[in-house]
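Q: So you can see what is in the structure, the chains are spelled out below.
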Amino acid sequence: MKASDKPYYLRGIPVPETPAPGKELHPWKETHVIGKPLSRADAYQRVSGAAIFPSDTLLPDMLYGAILRCPYPNALVKSVDVSQAERLSGVRAVITGSTPGADLKWTYLQGSSTKLFDPHCRFEGETVAAVAAETPYQAWDAVQTISVQYQVLPYTVDERSAIEPGAPKVHQPGNRVGQPEKYQRGGVEKGFSEADVVLEQDYRTECELHTPLELHGCVAKWDGDQLTIWESTQGVYGVQSKVAQVLALPLSKVRVVGHYIGGGFGSKLQPGKYTVIAALLAKAAARPVKLFLSREETFLSCGNRPPSNMRLKAGVKKDGTLTALQFSVTGTGGAYPAGGVSLVDWLIRDLYTCPNVQTEAIDIFTHTGPARPFRAPGHPQGSWALEQMLDALAEKISMDPVELRLKNIPAFSQARDGNPKYTTTGLRECLETGAKTFGWREALQRVRESGRAGHIKRGVGMAACLWVAGGGGPPSTIIIKLFSDGSANLNMGASDIGTGTKTVMAMVLSEELGLDIDRIQIENADTGTTQYATPSGGSKTVPTEAPAVRAAAVHVKQQLLAMAAEDLKTQAANLIIKDGEIVAASDPSKKIKITDVAGLKKRGVLVGVGYRGPNPKNKVTNPFGAQFCEVLVNTRTGEVEVVRFVAAQDSGRVMNRLTYENQVIGGITMGIGLAMTEFRVLDKNETGKLCNKNWHDYKLPTALDVPSDIVSVPVELEDSEANSTGAKGLGEPVTIPTAAAIANAVYNATGIRVTTTPINPVQLSLLLSEAKIKG
Amino acid sequence: MKKQLLSMNVNDETIEVAVEASASLLEVLRDELGYIGVKEGCSEGACGACTVLMDGRPVRSCLTLALEAEGSSITTIEGLASGGQLHPIQQAFVDRGAVQCGFCTPGMILSAKALLDHNPNPSDEEIKDALAGNFCRCTGYAKILDAVCSLRPASSSKPGR
Numbered sequence: 001m002k003a004s005d006k007p008y009y010l011r012g013i014p015v016p017e018t019p020a021p022g023k024e025l026h027p028w029k030e031t032h033v034i035g036k037p038l039s040r041a042d043a044y045q046r047v048s049g050a051a052i053f054p055s056d057t058l059l060p061d062m063l064y065g066a067i068l069r070c071p072y073p074n075a076l077v078k079s080v081d082v083s084q085a086e087r088l089s090g091v092r093a094v095i096t097g098s099t100p101g102a103d104l105k106w107t108y109l110q111g112s113s114t115k116l117f118d119p120h121c122r123f124e125g126e127t128v129a130a131v132a133a134e135t136p137y138q139a140w141d142a143v144q145t146i147s148v149q150y151q152v153l154p155y156t157v158d159e160r161s162a163i164e165p166g167a168p169k170v171h172q173p174g175n176r177v178g179q180p181e182k183y184q185r186g187g188v189e190k191g192f193s194e195a196d197v198v199l200e201q202d203y204r205t206e207c208e209l210h211t212p213l214e215l216h217g218c219v220a221k222w223d224g225d226q227l228t229i230w231e232s233t234q235g236v237y238g239v240q241s242k243v244a245q246v247l248a249l250p251l252s253k254v255r256v257v258g259h260y261i262g263g264g265f266g267s268k269l270q271p272g273k274y275t276v277i278a279a280l281l282a283k284a285a286a287r288p289v290k291l292f293l294s295r296e297e298t299f300l301s302c303g304n305r306p307p308s309n310m311r312l313k314a315g316v317k318k319d320g321t322l323t324a325l326q327f328s329v330t331g332t333g334g335a336y337p338a339g340g341v342s343l344v345d346w347l348i349r350d351l352y353t354c355p356n357v358q359t360e361a362i363d364i365f366t367h368t369g370p371a372r373p374f375r376a377p378g379h380p381q382g383s384w385a386l387e388q389m390l391d392a393l394a395e396k397i398s399m400d401p402v403e404l405r406l407k408n409i410p411a412f413s414q415a416r417d418g419n420p421k422y423t424t425t426g427l428r429e430c431l432e433t434g435a436k437t438f439g440w441r442e443a444l445q446r447v448r449e450s451g452r453a454g455h456i457k458r459g460v461g462m463a464a465c466l467w468v469a470g471g472g473g474p475p476s477t478i479i480i481k482l483f484s485d486g487s488a489n490l491n492m493g494a495s496d497i498g499t500g501t502k503t504v505m506a507m508v509l510s511e512e513l514g515l516d517i518d519r520i521q522i523e524n525a526d527t528g529t530t531q532y533a534t535p536s537g538g539s540k541t542v543p544t545e546a547p548a549v550r551a552a553a554v555h556v557k558q559q560l561l562a563m564a565a566e567d568l569k570t571q572a573a574n575l576i577i578k579d580g581e582i583v584a585a586s587d588p589s590k591k592i593k594i595t596d597v598a599g600l601k602k603r604g605v606l607v608g609v610g611y612r613g614p615n616p617k618n619k620v621t622n623p624f625g626a627q628f629c630e631v632l633v634n635t636r637t638g639e640v641e642v643v644r645f646v647a648a649q650d651s652g653r654v655m656n657r658l659t660y661e662n663q664v665i666g667g668i669t670m671g672i673g674l675a676m677t678e679f680r681v682l683d684k685n686e687t688g689k690l691c692n693k694n695w696h697d698y699k700l701p702t703a704l705d706v707p708s709d710i711v712s713v714p715v716e717l718e719d720s721e722a723n724s725t726g727a728k729g730l731g732e733p734v735t736i737p738t739a740a741a742i743a744n745a746v747y748n749a750t751g752i753r754v755t756t757t758p759i760n761p762v763q764l765s766l767l768l769s770e771a772k773i774k775g
Numbered sequence: 001m002k003k004q005l006l007s008m009n010v011n012d013e014t015i016e017v018a019v020e021a022s023a024s025l026l027e028v029l030r031d032e033l034g035y036i037g038v039k040e041g042c043s044e045g046a047c048g049a050c051t052v053l054m055d056g057r058p059v060r061s062c063l064t065l066a067l068e069a070e071g072s073s074i075t076t077i078e079g080l081a082s083g084g085q086l087h088p089i090q091q092a093f094v095d096r097g098a099v100q101c102g103f104c105t106p107g108m109i110l111s112a113k114a115l116l117d118h119n120p121n122p123s124d125e126e127i128k129d130a131l132a133g134n135f136c137r138c139t140g141y142a143k144i145l146d147a148v149c150s151l152r153p154a155s156s157s158k159p160g161r
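Protein sequence lines, in the order shown, are assigned to chains A and B.
Per the UniProt record's numbering, the first sequence starts with residue 1, numbered consecutively.
Per the UniProt record's numbering, the second sequence starts with residue 1, numbered consecutively.
To be clear, the hints were calculated from the coordinates, so they are not data collected in a lab.
Do not rely on the hints blindly, as some may be mistaken.
Stated by the list, open to error - Just a few of them, taken from the derived set where beta-carbon distance is under 7 Å, the chain B residues facing chain A:
{"#": "1", "residue": "Phe93"}
{"#": "2", "residue": "Val94"}
{"#": "3", "residue": "Asp95"}
{"#": "4", "residue": "Cys101"}
{"#": "5", "residue": "Lys128"}
{"#": "6", "residue": "Arg137"}
{"#": "7", "residue": "Thr139"}
Positions of the beta carbon are idealized from the N, C-alpha and C atoms, including for glycine.
Next up, chain A with everything else stripped away, as it sits in the complex (with noise of 0.2 Å):
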C-alpha cells in the first residue's frame, strides 16, 4: 500500500514510541487516531442488514420456545396440568417445576434464593412453565392450554403502602430487604444550625424500564453434553458463568456468543430465567431451541429503573456554603432484592463539599418484577431531588444555581474511606465552560426580560453530577495477530453494545500500529474464541478494555522491532515504526517494511497479550458533567419543549468524537424520557398488573420530542493516573443531570416546581390551574 492510499489520520506519521518490555506505558503525548470523529468499524454491518444480532439466529432443525406466564401480581401454584399441550400438534418439549431436571434453584443476589418455576410467584410475569414447537404459533397456543390452578394472594405492588402494617408480605418476615443503610458524616443538626437558609422537599421518580429495541432472549443448542447459547447480552462471560452455575456445568461446555446486540442500557447485563429455560427445552427437544420474549414480557420481567421517594433537607449559608444534606429514600426493587435504592444517595454524599451529611435509604419488596441495573443506577433519581433543591438554595439566597455549585466543588472524593483523590476532577471546568457555551447569564437575563406576557413561557436550567464509577480496572486480557501481511485480528471478550467499543478499539490499535482501520477484523463477545471480560457496563468498557488493547499492541510492536533489528543489524531501541515501514532512527536509510521483516514472514504470524494494570492506588477515577438546557412551556396546555442542550462532560480523553456525541446525545435523550415521558403505572387498586406493557402505552421520546440543538463540549483534562489512555468512562454521567436541569427550567419558566416525574401536560396542567387559584 502506498503512504498516499492510507486515510488522513495515517499519512506520514510515525506511531507512538515502543517502550522496552516491562516498562510503564504512560498516556500518549500526541494522537493521530485517538480522537478523531472516524466513523463505526462496523458501520457497513449495522447499516446494510448484515449484522446477524442473536435474535437473528437461524439454526437448521430449530424450534421455537415460548413461556407460560403467572398474571398475578401474587399467586401459589397449586396444580400444572399439561397434558393438553403435550398433545398439540408440533410440540416437542414441555417443561414445569416439576419435570426431572427443570427443578432448579434460581438466585437474584446472594442469600436470596427461589427456583427456575417457583411455585409461589411473586410477580406477574413470573415463570410457570415451558413449551418448545416447531412453530411459534404453535408454542404459544400450546402454552394457552396449560391449564393451571393458582390461589390468588393478596398483594402489594407500591412501595408507599407496602411499608405500612397490615400490608401483604412479599417474602416472611416482611416486606423490608434488610436494614435501612445508612451513612453518615458530621452532624446534620449542627450543620442547620449553621446555615442561613434551610430548605426541606420531597420528591419522586417514576418506575423507568428499559425497553431496549432487541428483545431479550436466546437460541439454545447442544451438541452433546456441549451447550452453545447464542444471546442478546451484554457480556457472554455473565451468561456463560451463571447458566454453568445453575446447570451445574464446567465453564468449558458452556460457549456464549453474543457479537451484536440491539441495545441493553443494564437489562442484559445478566442472563434471565429464560436463557435457563431454553437450554432445558432444548435438552429435552434433542433440537436447537430459539426463545426470545414477546415485547409485553420484556416490560414485566425484564427490569426496571425503580421508584425512588425522596426527602432532602438541606442549609446553605449566604455565601453559598453547603452546611448540611440530610437525605433518605424509599424505593423497591420489587420482588426480590435486585438494588432498589442503590447508589440513589451517592451524589448527596459525593458530588459537593458538605462537611455534615445524612442519608438513609429503605429497600422494599413489592410484587412486582425484579429491577435490573439501568444506565447510572440510581443516580438520575438523586440528581433529580439534589439538583432541584441546589437550584432552589441558590434563589433563596440569591446566587447563580452555577456560583452555587462552583462554591461547594470537592477536592476529593468525602465520602469513601480514606477520602481518596480523584485523578481527575473536572467538575469546575465543566460547570465553567458549559455556561460560557450556553451563554448562561445572558440566557438568564433574557428569560428575566421577557417579562409575564404570553403564554410561552422560556426558560433555563441546568445541573451537574459525578459517576461513582467509570475508572474500569481489571481484569481484561486482549489478544492481537499482527498477519503477515500487516493486517491484523483484535480479539476482545467485550460486547460493543452500541457506544462503538470495537470501534474504540481498533482505534487504539490503528494509533499504536499505523495500521489502517480497515485492515483489523475484530473478534469479539464468543467465550469459545475470545478472553474473559465483564460485561459492558457501568461506563468501565473503554478504561478497562482501551488499556489492554494498548497493551496487547506494544507487546506486537516489542516483538516486531526485535524481529526487525536482526533483518537490519541494529539494536530495536533505535527502530521507529511509521507508514509501514520499521526504520532506524538514526540512520533512516535503514529501513524494512513490516511486510519484509524476516522472522513474521517466517511464522506467518505475531501474537500480542496485553492485559489491564492495576488501577493507581489511594485515588479514585470518577467522571463528572454539568449540562444546561432551555424550555418552552406552553401555559395553557402544560406541554414542554425542550429547545437546546448543552453538555460539558468531563470523562478524560475523548478516544472518538463522533462516537463521544453520539453518547452524549443519546444519554440525555434518555433523560429526558425520564424527565417527560416514561413511567410505569400499575393498577395498585385492582388488579395489581402492569397497565403500560406496551410502547404505544409507555411513551418513549421520539424524533419529535428531543432538541436537534444539542452541544457535546468535551472538557478534557489530562488524566495520567487513570489508566494508561487517560480515558475515563461516558455513557453513563451523560445522562444523570438531564432530567434534573429540565425541572430547573421549568421552574425558571413557570415558578413551578415540578417534584415528581414526568414533567408531562396532565401534570404540568393541573399545577398551572393550582398555581392559578393560588394566585
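Since the structure of chain A is already known, use the hints to place chain B on it.
A: Below, chain B without anything else, positioned relative to chain A:
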C-alpha cells in the same frame, strides 16, 4: 392451516412462497425468506424496526399480512446496498454517526428512503414527522436527522474518512 401461494417482488427478485393466511409479512420475510435485516422489535406496530417499503411506501411488516403483499414490490434493507456499495442514505448514516446499536437502523433508513424518494427536499419538520414512527433508544435522533438533512440537495456534507 392450508397455505396459499404468495407472489411478490422482493428487492427486484420475483418470489413465490406458500404462506399461511395469518402470517405477517415480517414473519415471511424473516423466517421463511431469511431477510434478517427486517427486525422484530415489538410485533404490535409501535416501534418501526420492521419497516419495509411496499410499492415505495413504508409499512410496518409486523402488522401487514403477507398476503397483502400479493403482486407488490417490497424493499428491505438488503435491497439498498449493491456490490458492496452503500446507498447514499446508508452512507450518510455511517458518515454522520447516525448508527449505534444498529437495531432500529434498517427501519429508520427505509422510512428515510420513502420520504426522500417522495420528497427530495423535505423541511426539518417533514423529516421529523417521517421518522417519528421509528423508535431509537440509543442515538437520541439528532445524528439521524442530521444524516437525512445532509441528503437534501442544498446541503454539503461533513468531511469524513
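Q: For a quick check of understanding: which of the numbered hints are violated here, in increasing order?
A: none
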